[in-house]
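Protein sequences, first through last, are from chains A and B.
Just so you know, the first sequence maps onto residues 2 to 332 in the working numbering.
Just so you know, the second sequence maps onto residues 962 to 1698 in the working numbering.
Hints in this document: simulated from the structure, not taken from any laboratory.
Where is the CB? At the ideal position from N, CA and C, for every residue including glycine.
Do not rely on the hints blindly, as some may be mistaken.
[Said to hold, decoys possible] Covered, in the sense of this in silico footprint (three residues per stretch, anywhere, with C-beta under 8 angstroms from a C-beta of chain A), are these stretches of chain B:
(1) 1275–1282
(2) 1367–1380
(3) 1502–1511
[Claimed, not checked] Chain A regions said to be covered by chain B (calculated; three or more residues, Cβ under 8 angstroms):
(4) 93–99
(5) 220–233
(6) 305–313
[Unchecked claim] Chain B side only, calculated, beta carbon under 8 angstroms to chain A, not exhaustive:
(7) A1619
(8) T1629
(9) L1697
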Amino acid sequence: MRPFTYLRAPDVATAVRAISAEPGAKFIGGGTNLVDLLREDIEQPGTVIDITGLPLTGVEELPDGGIRIGALVRNSHLAAHRLVTTRYPMLSQAILSGASPQLRNMATTGGNLLQRTRCLYFYDGAAACNKREPGSGCDAIGGFNRQHGVLGVSDDCLATHPSDMCVALAALDATVETRSEHGVRRIPLVDLHRLPGTTPHRETVLAADELITAIELPPPPSGAVSRYRKVRDRASYAFALVSVAAVLKVRDGSVSTVRLALGGVAPKPWRAYAAERALLAAPATEESFTRAAEAELTAATARPGNAFKIELARRTIVATLRDLLAEGSAA
Amino acid sequence: MTSTDTRTSQGIGQSAPRPDGTLKVTGEFAYSSDLWLEDMVWGVTLRSPHPAARIRSIDLGPALAMPGVLAVLTHEDVPGEKHHGLELRDQPVLAVDRVRYQGEPVALVAADHPERARRAAAAIVVDYEVTEAVTDARRAAFDPACPKVGERGNILRHQPVRVGSVFEAPVVVTGEYEVGMQDQAFLGPESGLAVPAEDGGVDLYVATQWLHVDRDQIAPCLGLPAEKVRVSLAGVGGAFGAREDLSMQVHACLLALRTGRPVKMVYNREESFFGHVHRHPAWMRYEHGATRDGRLIYVKAEILLDGGAYCSSSPAVVGNAASLGAGPYEVGNVEIDAYGVYTNNPPCGAMRGFGAVQACFAYESQMDRLAEACGLSPVELRIRNAVSQGSRLITGQLIDSPAPLAGMLAELEAFPLPAASDGDLRELPGGVAQTTHGEGVRRGVGYGVGIKNICFSEGFDDYSTARVRLELAGGEPHVLVHTAAAEVGQGLVTVQAQVARTELGVERVTVAPADTTVGSAGSSSASRQSYVTGGAVKTACEAVRERLAELAAAHPGLTTTALLQRFGPVEETREYRHRPTFPMDPSTGQGDSHTQLALCVHRAVVDVDVELGLVKVVELAAVQDVGKVLNLLALEGQIHGGSAQGLGLALMEEVLVADGRLRNPSFTDYLIPTILDMPPMKVSILENPDPAAPYGLRGAGEPPTLSTTPAVVAAVRAATGRALSRVPIRPEHIALT
Ligand SMILES: Cc1cc2nc3c(=O)[nH]c(=O)nc-3n(C[C@H](O)[C@H](O)[C@H](O)COP(=O)(O)OP(=O)(O)OC[C@H]3O[C@@H](n4cnc5c(N)ncnc54)[C@H](O)[C@@H]3O)c2cc1C
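Kindly generate the complete structure, drawing on both the sequences and the hints.
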């Protein structure tokens, strides 16, 4: 770990001023990701600005029936919040399927969005990694790539975005609010993260001096059911091999509302638009679900280590929708 | 650790509470990483980034110039022997002119702050000429064109076993099996504190498994006589074999002697993965021939074990794989070749089960195939071939104590099967991530049988030493037990006190901290400490009793208390040896190479999500014959823990290595079972005594690790119909490819 200056920001204005004054500075929320990255010398900020004292710790109801989540709300708190468990149970499920209770107690909403990949080669300073060191190559391509992505990846980077929470947020049409010296921005969560292309080190559309202040969710689609499913290598405390966040409403036997997002398979929380298009207005049947999954996954590209993820994703999508269909008709 | 227990009737056979139990659970136990002296400085190791390279030069200048740096050392600063090792001194203290594995120590730094030491280590400039890394064990062993990893040939040991000459049978099954590299995954990383002493020697406080063998390797490297290196056991956070080789011991002592300051070294988790040996990955080819009614005629096998860059305990691991390579079955014709080889992969050595684990996965998989080929149930096939007292191992050794395998299997099979899932997500594959609510789930049941040698084998002079002192403390009799046996979490401190209570009838017993001021206790490995150190404490107590009896005879009418008052404490020190063992014949493997054998059998019941390839182990049931229960609670803990480690190997644990590089050195990426992965266990414990052992006991720590892995895999095979010839098995092997 390199030496850095530690600042504690008492309010948003100070935080924003501090970061724009210090190029290369980083905010620190729960620190559950950043501290590891500092230790491994992957992140080398000259200044670390502690934002845990900012008054962004509330979950509020919005006039339209949606909610606003402060960027410093801890993952545990959010998952247990009554507004979330009652209106967005899928978000709660997604958060609780991630990490461990101890980590969730520390992790913040903003930090969860910006956590970095768990690619083994990204963490190994001696390995080639275009994300860590642009132009150095990608050792995951010929190496262990079982955990890696099959959608949206490039020849420069196979890394996945590891968050569970973000997958649910992508399916819930979340909006991210930021503040910088230049003002306030609102960015749809699905546009927050970039695809790697030839610049995998550029992970989001945020400028270095932007502070995430909140996430807003529109009201949940009325009458829809939702669910988060996560497939992993052990029963708890493991990153997703594949995860699916789905919202489904069926009217008169056809799909009237559907939102689908995938985790563990792509460099960003992956909103499955192709699958959604295939499903909308289609009969709510196993065949439609399969066709929709396939519509999404035709674009998938696999490496020897992760080819199984395509089939795993297909089965998980279909099974999740099948569950929701049953749940919706039971309700 | 010191324990004084004043409760009554906590002798042999009682579940005496552990002195360290509450402290560990509440986070108050002092581990070796908690050692602290006000004037201490910090040691850090610079390691090779390459699996194979020549060192052209090392420039220490930049490190020496950094603030707070007190010493920077290379192999040139090792005053004595430049190499250490358990069986062969082939591992450099610090790399001399070559590095042979990624993570090999090259230089050391001591500084006044750990971060400064780390930065200084990073500033050392090593000029490497990268050379070809030998990473394929088969090529290392059998390709004459393959470069040599060390000074010797690449085959560390080849141990054949040859019996009989009939290698034809009406029923023949063959298979190739692979076991991935498992890590011991102890929680307390390598750490210790070396304190320079006024006599020019050094006192080392360290978490280890074997104080004397540490000392006997450290002293020659330091150029000191053994008595100037005093080693004391610090709090150990698990071992499982990973602390049998040296890690930071010599390094910390070198830095302490150079700086004249106490030096603390603590590996972080990542460094720990590079700082200890792992379980040998194995490639195994088996052929079993049997009669149509399932009686074994022959077993042929080739077992290839990757020992990595240095010898460690590989030769003994190969010996176990060979001698136990056909399992606890009667078979008259055997052709087994077990090989351990050098490669530029991470060094492999001791881990719970020690060579028997790998072979067990293969021969048990074969027994299942044979059962299927003969149309028999897996249990019936095993019963037909089971050894019993009076059988001979494939090494010709007579099994001369109870080995009721057939009965154990029958008992295991008769355990009621667990009920079908009631839909509780925690009981289903995928758990609370709701991957299934029961649909697509199939149940499977599998059996596994393991046989493990207890204590050191093949002629090793295996003994322990105990000093026992009966004295008055506060006017009451009190016993002080002192041995060098390492408490590594298995409960040995408690067992030593129990032995003393039983033998001397005195309730107040203190077990002194383990150190080298008493004779060697040997290693806390090979499931041997209750046997050997338990035996030593028992023997020393008997000697104390005899002395007391002599005194009493000479002074009739005096009570023990009165005798102690008049004549002072009675102290005796005794060594205890188990029956001698003998080498295996180098060309036939024959010989009485083991002193004791222990059996454990497992039944695994699994639910498999056959769509997603996820496994939930619903129940593990085990029957183990331990000869005599010393402490039921501790024993059950060993069986549960050993089974968890076997489950981990079956389903998730693997150190990923490619091109000699270790890729998942963290507990984020190296997965071990959580409480949600480990099911409740049914355990039946048998007590058929071994007359040769103290109290008739049989070592118990390792056997359950062996039989769990094949049982779990067999159950998954039963649920899915897949061949599954490699562990750990992953979702993609079960369902998706
Ligand atoms: C062992 C382990 C297992 C895990 N398993 C899972 C899992 O299964 N599923 C899962 O989803 N996650 C998992 N995680 C990841 C965990 O969810 C993240 O580490 C956590 O959400 C990050 O939040 P934080 O507040 O600690 O972020 P920090 O570490 O504080 O910050 C992360 C990044 O976000 C930036 N940042 C933080 N807050 C803001 C803000 N308000 N505005 C702008 N930038 C900001 C920081 O500068 C930094 O770059 C795991 C983590 C660990 C260590």
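So, going through the hints one by one against the coordinates:
no.: 1; hint: 1275–1282; verdict: violated (count 0)
no.: 2; hint: 1367–1380; verdict: violated (count 0)
no.: 3; hint: 1502–1511; verdict: violated (count 0)
no.: 4; hint: 93–99; verdict: holds (count 3)
no.: 5; hint: 220–233; verdict: holds (count 6)
no.: 6; hint: 305–313; verdict: holds (count 4)
no.: 7; hint: A1619; verdict: holds, 6 angstroms
no.: 8; hint: T1629; verdict: holds, 7 angstroms
no.: 9; hint: L1697; verdict: holds, 4 angstroms
Of the hints listed earlier, those the structure fails to meet are numbers 1, 2, 3, in rising order.
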